[in-house]
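Q: Listed below, chain by chain, are the residues.
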Amino acid sequence: MRTQILAIFSFLSVFNTYAQIVQIYEINGPNDKILINEHGIVDINSNLELVINKANLTQKVGARFESNTELILELEKFNKLLLHQKDILSILNKELSELTHSERIQKLGQFTGLMRDLYDIVKDDKETREKFNKYLQEFNNLPEMEKKKYNSYYIQYGFEQLALELKNKINEIQSRIEQKKIKIHLTAYLNSKYENFKKVHIENFDDYKNGEFYEVDRWVTSFSEADIEAFNRTNKLAKDLNNVIDKSFENVGVLIEDNVKSYNCLNELLSDFKKLIEKKNKIFTSNAEVAELFLLEMQIEVNKILDVISKIKTFNGEKENVLEYFNTTHDQFINVAKLFELKVNKLVSDLPTEFKNSNQEILNLMTKISTCKTLLLEDSEKVEKIISITSDILEPFKNTAIIGNEIGNEVYKFSINELPDIGYIDFKYTGKRNNKDNLIIRVSIESDGDVISQKNAVVIEKHSFTLQQINIYSVSNVSVILANPYNRSDKVALENNFQFAPSGSLLFKFGSRKCKAWNFLEPGLGFNVSTPDFDLDGAPEVGLGGVFTLLQDVVSVGLSYNTKTDDPFWFFGLSVPFSTLGLPINTIKNVELK
Amino acid sequence: MEFSENTIVCEGVIPSEVLARQCLKLVVLSDDEYLVHLADTVAQQEPLGFVRVVVWIQNIDNISIINQIPEIDDIENCLAFSLSTINRIGTVITSRSTIDLVELDSAFIEAGKTEIN
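If you read the sequences in order, they're chains A and B.
Using my numbering, read the first sequence as starting at 1 and increasing by one per residue.
Using my numbering, read the second sequence as starting at 1 and increasing by one per residue.
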C-alpha cells in the first residue's frame, strides 16, 4: 500500500512540476541528477536526460482541439488542487514524535496554511467540494488499519482518488489524440560560434549521426599549437601597429598604396588618356569624336578609382579615426573597382571595331586598359580576402542557413502512446562548442489533417540552455597588449609610453551553475607571457607576469617583468567588437583546445 | 445517534477539563444532530497526531460561554466554532455557512493556525 501511495505521489509530483512536457536533468552519476530547467545553465561536457511527462503533453496537445475544452478545464482544476499536494503529503508523512511541543505546533501551522490554500479552491467549486466530501466519507468508512496507513487523515486518500480520476481523463484525451493521428517529435539544436541550428542527436528520438567527439578540456597547462600560431599572427600585428604609432599614421597610406598594385597602372593610364586627347586629331583620322568621348569617359572612371586611392594616400591620423577610415575606404575601393570593370567593358564594347584596330597607339591603350583592369580586379579580390579573413578571425559566428523548424526524416515521429519516456543527449558527441553556446530543445507536433493548424509542425514547448564549464577550469588565450614600462631603465628606448606586444595567457576561471551574470563577466586570473621590444633592437624580449581578465577576456590588465631589460611594466588589452570596425587590434582570441 | 469517543455532549458551558486539554476543539452550539454527526466524523481524523474533540453543548448558557471564550462574537448566530490548542477561535460556522464534511474539517484546520496556538 505504501509503495502504491508513493507511486501515485510521484506521478502527481511529476504531473505538477511547472506543467512542463520535458524535464531536463544533468546526469553526473548513477544517483546524481540535477534538474536544470531553473537556471538555464548546463555543464558543457555533461550527459542530459530528457524525461517526457505524458500527462502534461496530453494536456498541451489536447488543448488544441475544441472538443476537449471541458476535459482540459477539468484537468486544469485538478492541477490547481494538486499544487500543494507535495508539501501537504511531505508534512503528513513526517515523523513528529521526536519533536518538541512548539516544533509540532509550528508544523501544524505550516500544515494549516497549505490545507487552507487547498480548501479555498475546493470551496470555490461545487463539484470539487462534493468530490472532497465524498473522499472524506469514503475515508471514514475504511477499516482502522487502512486509515493508519494514510496517517489518520483523509487527504492522502483524496489525492489518490484524484490521481485515478486524472489518469482516466488523461487516457480519454490520449485516445482522442490517437484518433486525430497527431505525431510528436523531440528535437535539439546547438547554436555555437561555428554553426547555428546544428542538429543534436537525442537518443530514442532521432536517427542523427553523432557529431565529432569533443570534450572541452577542464585543465589547460600549456599553450597549444593553435595558440603558437595565433601568437605569431599577433606578433606581426603588434609590429605593424607599433610602426603605425611611431610614424604617427603617416605610413598607413604608403602601406596600402604599396599593396594596391593597380595604382601605378591606373596613373599611367590616366596620363596616356591625356596625351591621346591632346594629339587626337593627329592619331584619329576618322572617329576623332568617338575617340575623345571614349577617352574622357575613361578618364572619369579612372579618376574615381584614383580618388579612393589618393584618399588613402592623404590620410591624416590626427583628424580621423584609423578604424573608421579603414572601414569606409575598403568598402569604397571594392565597390568602385567592381563598377570600373563593368563600365570599362561597356565603353570598350561600344567602340566601333575598326576604331579599336585603327592604329598601334589604340592597340597599346587597349592592352594597357586590359592590364590595369586585371590588376584592379586582383587588388579588389585581395582586399576582399583580407576583409574575409579578418572577419573570420574576429567574427566566427557565421550562420549557416539551416531553417530551425525543419524536421527531417531522421527525426522519429511518435504517436502519443508510442512516445518513449526518456531521451538522452551526450554533449561530448556534439562536436566543437564553447562556453555561452546555446542548446535549444523543442517539442513539436504535426497532424495529417488540419486539426492543429495549416503548418506542418507546431512547436508546443521550447527550452533554451547556456553551455558552461562549471566550477574551476583553465583556458589559454592569445592577444595583443599595450605595455607601459613604468620604471624605465636606460635600456628602454621607447619614445611612446605604450608599446603593442603579443602576449599569451593561461587563465583560471570559475563557471557558475546558477549565476548568468557571473558567467557573463567571466573573470579570469592567471599567468602571462609577452614579447615586447623595449630596447628597440628588433629582437623581442620576454615578459613574464600575472594577468586579470574580464568579460570573456575582452578586458585584460596585468603586471609583468621584462627579463632582458629588467624593467617592470603594466599592461592592458581592450578588445572591442572589431567585427564592426574591420581592423584587428588587440583582439583576444580564445583558441580552441584539443 | 451515537457518537465516537471524540465527541462530548454537555450542558450549558464547555467543560473546563476539555478546555484544559491541548487539543483542537469544535464547539457546537446548534441543536442540529446532523451537524454534530458530521463534526464527529471529521474529529476521528487526527492529522499530525493532534487530537480533535467535538463539544456539543445543549441548553446553552451564552453568557458563561462568552466568559469562557471572550473572543466569541455574535453568539446568537453562531452554529459552531473551532478552538485552537490554547482555546483561541479558529473559525465560526454560522447559518450562512454550507454545512458539510469539508466545512467542518476546514474548521478544525483553521484552529491549527500558528498565530493562535
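Calculated from the structure, these hints are not laboratory results.
Possibly wrong hints are sitting among the right ones.
With a Cα cut of at most 20 Å, we get these calculated EDC-like pairs of lysine to aspartate or glutamate [as the list claims (entries may be wrong)]:
id: 1; chain 1: A; residue 1: K126; chain 2: B; residue 2: E115
id: 2; chain 1: A; residue 1: K123; chain 2: A; residue 2: E103
id: 3; chain 1: A; residue 1: K123; chain 2: B; residue 2: E71
id: 4; chain 1: A; residue 1: K193; chain 2: A; residue 2: E165
id: 5; chain 1: A; residue 1: K373; chain 2: A; residue 2: E289
id: 6; chain 1: B; residue 1: K113; chain 2: A; residue 2: E103
id: 7; chain 1: A; residue 1: K134; chain 2: B; residue 2: E115
id: 8; chain 1: A; residue 1: K183; chain 2: A; residue 2: E160
id: 9; chain 1: A; residue 1: K149; chain 2: A; residue 2: E160
id: 10; chain 1: A; residue 1: K148; chain 2: B; residue 2: D100
id: 11; chain 1: A; residue 1: K60; chain 2: A; residue 2: E76
id: 12; chain 1: A; residue 1: K134; chain 2: B; residue 2: D61
id: 13; chain 1: A; residue 1: K94; chain 2: B; residue 2: D100
id: 14; chain 1: B; residue 1: K113; chain 2: A; residue 2: D421
id: 15; chain 1: A; residue 1: K33; chain 2: A; residue 2: E289
id: 16; chain 1: A; residue 1: K169; chain 2: A; residue 2: E74
id: 17; chain 1: A; residue 1: K77; chain 2: A; residue 2: E203
id: 18; chain 1: A; residue 1: K516; chain 2: A; residue 2: D535
id: 19; chain 1: B; residue 1: K113; chain 2: A; residue 2: E160
id: 20; chain 1: A; residue 1: K107; chain 2: B; residue 2: E115
id: 21; chain 1: B; residue 1: K113; chain 2: A; residue 2: D120
id: 22; chain 1: A; residue 1: K80; chain 2: A; residue 2: E203
id: 23; chain 1: A; residue 1: K148; chain 2: B; residue 2: E71
id: 24; chain 1: A; residue 1: K280; chain 2: A; residue 2: D307
id: 25; chain 1: A; residue 1: K147; chain 2: B; residue 2: E76
id: 26; chain 1: A; residue 1: K428; chain 2: A; residue 2: E289
id: 27; chain 1: A; residue 1: K107; chain 2: B; residue 2: E46
id: 28; chain 1: A; residue 1: K149; chain 2: B; residue 2: E46
id: 29; chain 1: A; residue 1: K279; chain 2: A; residue 2: E289
id: 30; chain 1: A; residue 1: K147; chain 2: B; residue 2: E115
id: 31; chain 1: A; residue 1: K131; chain 2: B; residue 2: D100
Negatives, chain B to chain A, calculated, CB over 10 Å [stated by the list, open to error]:
id: 32; residue: E5
id: 33; residue: G12
id: 34; residue: Q44
id: 35; residue: L48
id: 36; residue: Q58
Where a beta carbon is used, it is the ideal one built from N, C-alpha and C, also for glycine.
Q: Could you tell me which of the numbered hints above are not met by this structure, giving the numbers in increasing order?
A: Going through the list in order, the structure violates hints 1, 2, 3, 4, 5, 7, 8, 10, 12, 13, 14, 15, 17, 18, 19, 22, 23, 24, 25, 26, 30, 34, 35 and respects the others.
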